[in-house]
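J.: Line by line, the protein sequences give chains C and L. Numbered per the working numbering, the first sequence spans residues 840 to 1310. Numbered per the working numbering, the second sequence spans residues 840 to 1310.
To be clear, the hints were calculated from the coordinates, so they are not data collected in a lab. Where hints are given, some of them may not hold.
All copies of an identical chain are treated as equivalent in the list; a pair is satisfied when it fits inside any one copy or across any two copies.
To be verified - Below, in silico cross-link-like pairs of lysine to aspartate or glutamate (DMTMM-like), each with a Cα-Cα straight-line distance of 25 Å or less:
1. 1000 - 1141
2. 1000 - 1086
3. 1110 - 1157
4. 1183 - 862
Number of protein chains: 2
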Amino acid sequence: MAVTTASVASRLRALLPEGRVLDEPTSLVPYAYDASFWSLRARRMPDAVVVPESADDVVRVVRFAAETGTPVVARGAGTGQTGGAVPARGGIVISFARMRRVHEIDRTNLQCVAEPGIVYADLNATLGGHGLFFPPDPGSGRACTIGGMVANNASGPHAVKWGTTSAYVLGAEVVLADGSVIVSGGARSKALKSSSGIDLTKLFVGSEGTLGILTRLRLRVQPRPAARAVVLAAYDDLDHTVGTLDDLFAAGILPATAELLDRTAVEALMKWKPDLGLPSGEAVLLVEIEGTRTSVSASVREVEGIVGRRATVTQLAEEEAAVQRLWAARGGLAAATALVFPGKHRIFAGEDLAVPISEIPRTIRRAREIGRETGVSVIFYGHFGDGNVHSGIVIDPEDPDEVRRADELADRLHRLAIEVGGTVTGEHGTGAVRAQYMRAEHGPALDVMRRMKKVLDPQGILNPGKLDLEG
Amino acid sequence: MAVTTASVASRLRALLPEGRVLDEPTSLVPYAYDASFWSLRARRMPDAVVVPESADDVVRVVRFAAETGTPVVARGAGTGQTGGAVPARGGIVISFARMRRVHEIDRTNLQCVAEPGIVYADLNATLGGHGLFFPPDPGSGRACTIGGMVANNASGPHAVKWGTTSAYVLGAEVVLADGSVIVSGGARSKALKSSSGIDLTKLFVGSEGTLGILTRLRLRVQPRPAARAVVLAAYDDLDHTVGTLDDLFAAGILPATAELLDRTAVEALMKWKPDLGLPSGEAVLLVEIEGTRTSVSASVREVEGIVGRRATVTQLAEEEAAVQRLWAARGGLAAATALVFPGKHRIFAGEDLAVPISEIPRTIRRAREIGRETGVSVIFYGHFGDGNVHSGIVIDPEDPDEVRRADELADRLHRLAIEVGGTVTGEHGTGAVRAQYMRAEHGPALDVMRRMKKVLDPQGILNPGKLDLEG
């Protein structure tokens, strides 16, 4: 039963309560984009946008999509950098902007139940009132939704100690491609762990809306550590940063974060906030430890002593205000970049390599060379403690030749990641942008992913054109 | 192409290097059993046992199984408690006893690569030489294999802080039901995290050999904390144990473990090891914290102070020798049980409920009542910090009426777990024993598990009769 583009919205309106469907061309425009450079050029408009307020609304949309073979794409805040929430083949975008209730916060059982549209920062603010937090901490945390984080298996600086979003999803209500609904992780369970049956929850985490649409999440949360402190260390050689991390591991210490700023990132930050007082060097590491007040103040000097073996300078940030200032500055790196390269823009492309920790220095050196070879400005920073290297590519998007060279740079960075034993994306996801690298990274395992897709979404209506799942 | 039972071994011998195939009836007997009470009665003999030395051997066996429709069951050490490694429908058992190499230990990159047959204790001993450890710590750790742990998503006391095996599997080489081989988690990746493609690794973790057979594992490992200490606390009311844990959470403290011994477990241990000096009470908690030497000694009294608010008595074990003595005693609880109930045997049935932490007191009280109603002796203990309650059922297995009552008890315990919002298995797996509870626990999600099974193993040759996947 084919359906014309124009009739999608009107037919959806007939199925849904009032005020759920958008199809004014100007109101559709924002849904053609996310933060990826790809989406700026691809301009993939949806035929209609639905803003559901309940799982039942979502079920109605998906049933309609299934009956008509219409693509349907779940969207959180649109902060993604891979086109994951962009309707690559048109169809319906489901915006979770109004499904942002927190149904339950249960400290004793270390979990909460929330709708996927809740913004990360809002959830954490609510959890904070109970002494809790949701550990994965993406850079886009002030805007991104928890649903988007789950869809992409997002993380951030604290993944070194706390792991990625996957570790914190205990269960999910999922609308399948035929409009039926399951609850993974136990239909009525509030258990914190389970070995029962096949772990479907983790299959949906990171699948970017290609296997099902999440409408309710049961999340593991953690007691919020009472104290933290940061050791800042500057190095005259990138290789010594690897040595420092290994020294910490040898001493039995897994820091909460170990953030890397390469020379260019340090320069950008110091230009933006000269009073930040960052030490200068080939690289700077920010090593954070957490715990109780007594344990942090007892161990921070031990950590500084270990870090100091290879660093040229170390500094301590022990006051919470100083720690917050550091992380706020780190979070503003994109803004800082603009100052170093006036008139240019940071684009998101090839920006999320994750490589073995030991390969970070070689990767950054090689990436700098590729930047020089292509004549494109790049700054490097990242979550050093788990090998996640972000490349901030800065160009004039109106200059077609620079755009072509940036495309080449991004392509070579992705290939470099695979070559050094890494992955094309540590935490941002695959989306449309990185679909082309799936075969090179996964080999025959891609065929198994495609079989999962085929069996759960035989018509291919769920977020088509992503992850190279259609084969 | 059907194949007679008698010819399985001879045909396998023709396909494999010498010395890989067992079919002497007496040598097959051990493979009919694991630690489950079910297997003692079911007596499901394999037609042949293969002891491969390489993935290539496994591929040959699975290809043969696929061509002939013969069931094939992967087996680690056979310490499982659900019949998971028992050939419920006959066929071939693949024992990983000789595939126990550690290919690589890489501290800088916090990972190791090993074959699934390596014994947990052996891997940890090897990792210890590098200052590392594999955190999930099952009670059977001195015997069980890492492959078995991955197949069951095993854990243990330290899952409170460190999570379950699932969190530590970065990738796997998997032989699929048609004998083809994939590598999940990136074909050549050594990355510590990834958002690339669909997460197949986590689909195989916990699937108990029903979706594929693991032949090589890439595991995340952790720096081994330099110090630990245990706060022991006795309570006159089970409910106060929940309060203590919540007090710790409110103070931002997630202990490494919070083990519970109920009154009967304390009595059993004190009968076995009177010099252990456990405090007596309705329940005892063992709260462990870990860190550097300085951080542990700084915070252990803080923890003791919090625990002391609701406990009747607290004690500290700060010396490593004292901590080891405590955990060794806890590990010997099965032996201790035998002393309290002379002439009876601990059976494994209904022994692995996991419920919301807040429901533990009610669950144990109700479980005690069910024990009285059925006239069966039970002791309770468990990983309190994640809601995992173990029930040690003690019977005379030669007494048919007591066996019947134990079956009833186990059945009612499983149903109790679901009723209070828990799961029928926190860490031991589903296997044959708990297949009957899958529908009650998972509802329509079971159908999705079955679709996964169907698409990955259309003939149903991989560990049939488990997890209720055949529908």
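J.: Which numbered hints turn out to be false for this structure?
T.: When the structure is compared with the hints, only number 4 turns out to be violated.
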